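Guided by the hints, dock chain B onto chain D, whose structure is given.
Residue numbers (the working numbering), protein chains in the order written: chain D, 69 to 258; chain B, 2 to 332.
Keep in mind that the hints were calculated from the coordinates and are not lab data. Everything numeric in this text was worked out from a predicted model, so none of it was measured. Heads up, none of these hints are tricks.
Below are the DSS-like pairs computed for lysine-lysine, each with C-alpha atoms no more than 25 Å apart in a straight line: (1) Lys211(D) - Lys146(B); (2) Lys265(B) - Lys282(B); (3) Lys60(B) - Lys282(B); (4) Lys135(D) - Lys73(D); (5) Lys249(B) - Lys78(D); (6) Lys146(B) - Lys244(D); (7) Lys249(B) - Lys265(B); (8) Lys265(B) - Lys78(D); (9) Lys211(D) - Lys249(B); (10) Lys282(B) - Lys146(B); (11) Lys197(B) - Lys244(D); (12) Lys185(B) - Lys78(D); (13) Lys213(B) - Lys185(B); (14) Lys181(D) - Lys106(D); (15) Lys78(D) - Lys197(B); (16) Lys197(B) - Lys249(B); (17) Lys148(D) - Lys211(D); (18) Lys265(B) - Lys197(B); (19) Lys235(D) - Lys148(D); (20) Lys73(D) - Lys197(B).
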Amino acid sequence: MAVRKTRLPKPYRVQQLDAMIRRGRTIHETNLMHEARKLGVPVPAIQHIDPDTSSFVMDYLNGPTLKEELYVVSPETRRKQCNTLGRTVALIHEGGIVHGDLTISNVLCAESKLFLIDFGLGDFSTELEDRGVDLLLLSRAMKSTHIKFHEEIFSAFVNGYCASVGKRRGVETVGKMREIERRGRYFERG
Amino acid sequence: MYCLGIESTAHTFGASVVTEHGQILSDVRDAYVSAPGTGIHPREAAEHHSMVAATVVSKAVGNASIKASQLDGVAIALGPGLGPCLRVGATVARSIASFFHTPLVPVNHAIGHIEIGTLTTGANDPLVVLVSGGHTAIAAFSGGKWRIFGETEDITLGNLYDMFAREINLPSPAGPEIEKLAAKSENFISLPYVVKGNDVSYSGLLTASLAKLRNGVSLEDVCYSMQEVSCSMLAEAVERSLAYTRKKEVLLTGGVAANRTLQKKLSDVAGLHDATPHVVKQAYTGDCGPQIAWTGMLALRSGVTVAIPESRVRPRWRLEDVDVVWRREAS
Numbered sequence: 069m070a071v072r073k074t075r076l077p078k079p080y081r082v083q084q085l086d087a088m089i090r091r092g093r094t095i096h097e098t099n100l101m102h103e104a105r106k107l108g109v110p111v112p113a114i115q116h117i118d119p120d121t122s123s124f125v126m127d128y129l130n131g132p133t134l135k136e137e138l139y140v141v142s143p144e145t146r147r148k149q150c151n152t153l154g155r156t157v158a159l160i161h162e163g164g165i166v167h168g169d170l171t172i173s174n175v176l177c178a179e180s181k182l183f184l185i186d187f188g189l190g191d192f193s194t195e196l197e198d199r200g201v202d203l204l205l206l207s208r209a210m211k212s213t214h215i216k217f218h219e220e221i222f223s224a225f226v227n228g229y230c231a232s233v234g235k236r237r238g239v240e241t242v243g244k245m246r247e248i249e250r251r252g253r254y255f256e257r258g
Numbered sequence: 002m003y004c005l006g007i008e009s010t011a012h013t014f015g016a017s018v019v020t021e022h023g024q025i026l027s028d029v030r031d032a033y034v035s036a037p038g039t040g041i042h043p044r045e046a047a048e049h050h051s052m053v054a055a056t057v058v059s060k061a062v063g064n065a066s067i068k069a070s071q072l073d074g075v076a077i078a079l080g081p082g083l084g085p086c087l088r089v090g091a092t093v094a095r096s097i098a099s100f101f102h103t104p105l106v107p108v109n110h111a112i113g114h115i116e117i118g119t120l121t122t123g124a125n126d127p128l129v130v131l132v133s134g135g136h137t138a139i140a141a142f143s144g145g146k147w148r149i150f151g152e153t154e155d156i157t158l159g160n161l162y163d164m165f166a167r168e169i170n171l172p173s174p175a176g177p178e179i180e181k182l183a184a185k186s187e188n189f190i191s192l193p194y195v196v197k198g199n200d201v202s203y204s205g206l207l208t209a210s211l212a213k214l215r216n217g218v219s220l221e222d223v224c225y226s227m228q229e230v231s232c233s234m235l236a237e238a239v240e241r242s243l244a245y246t247r248k249k250e251v252l253l254t255g256g257v258a259a260n261r262t263l264q265k266k267l268s269d270v271a272g273l274h275d276a277t278p279h280v281v282k283q284a285y286t287g288d289c290g291p292q293i294a295w296t297g298m299l300a301l302r303s304g305v306t307v308a309i310p311e312s313r314v315r316p317r318w319r320l321e322d323v324d325v326v327w328r329r330e331a332s
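Next comes chain D alone, as it looks inside the complex:
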């Protein structure tokens, strides 16, 4: 089973510019997915890239999002899953990739693994700031749908993250996240 992701034209851009951007981003996103896969991160495999229609075809994953999963699993399982997610995100960060739109809706639970999807806002970056934004967006997303055990699952995530990147780097990234949060920019959705 496969699924096609297509970037649709934006009416506010002249056709020539629009085509250029959609083509470029299709290639950029698939590049990021491919590189993430090489790092050993579960990412849907790309079957086909078609820059001319600004679309690509990837494996279809049959499973719920982590957001949905967290509602139904046991406390122990949810801690375990968030710990695993921490290790997964650490892998892409250490490999020089940031996701850019890291939310629990962009994590799919399939084949007993956690897959990262939607790298459309991602980039090749080793900036602490970009990593901090990833963590903050995830924390915000967890908080907005799972307020009751937000602290529990986010700290499980941080534990997994730190276990992979090392305590010092982990603390540094969480510190940056808090700093970005204080700037008040990525406030909760209305």
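Just chain B now, kept in the frame of chain D:
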């Protein structure tokens, strides 16, 4: 109630009197004009302001058909802006406040652009797109402050147009002139389009546009393409912020809000997200007294005043640092 507002953050010295109902009783301005091919010289602009200040302020009070002694407050834009220019306005405002024993009200110039925008459009809880020589920012109100959602990582949209214009010997602000030149072309040439999340970056676009010009591409084609790319970039950043905040209104305000290409693109974006587009009334796009007077009135009614010894100018006063006590959270 009457509030006098004084604006002197950059090229314009303006004064205005407004009532508590948002009636603008007067709006007097005198702008420093830089020589073509040059930007604002802060000291020269300040000298201009000090020359015209007395006339502009007395006309503003006179046109409102009131006496200065009737003023309930004197609002002054303490920042952000050019230090020497800010100090002229601040000195004038302090003198009037002190002489008539009237409260002095500190106003952030950027908040002024937002408040005059909501006053003249009736926008209630908009996603604000503030574009001018000093700002390119996307903001939404939350927790008593205007939070910056996206902004330029380097130069502003107004800067981009002005710095480009300077190279081709046009006077600044140059937005309208560039818009006219752009209207003469439909030949799009490729230029760098840089959107990072909700942020934009225009410095590469400026360099590349000037390089195209040097390489013989016609001025009209460069203006058209630069305007298309710069406005589309902002439109995309706005679209992301709209999707995220789910605001149902978009308010375009500030000097560059007068640009029709930008207006059209933001209206298209708003349409995609079932949001109502608003554009500040044309007369108040650029820097002016009413934006300060009206914001001052709102602040004054909420008890925001400043003692004269504490009324230092704040050239780098950021929009998100202002406690907006008069605005209620949308529910």
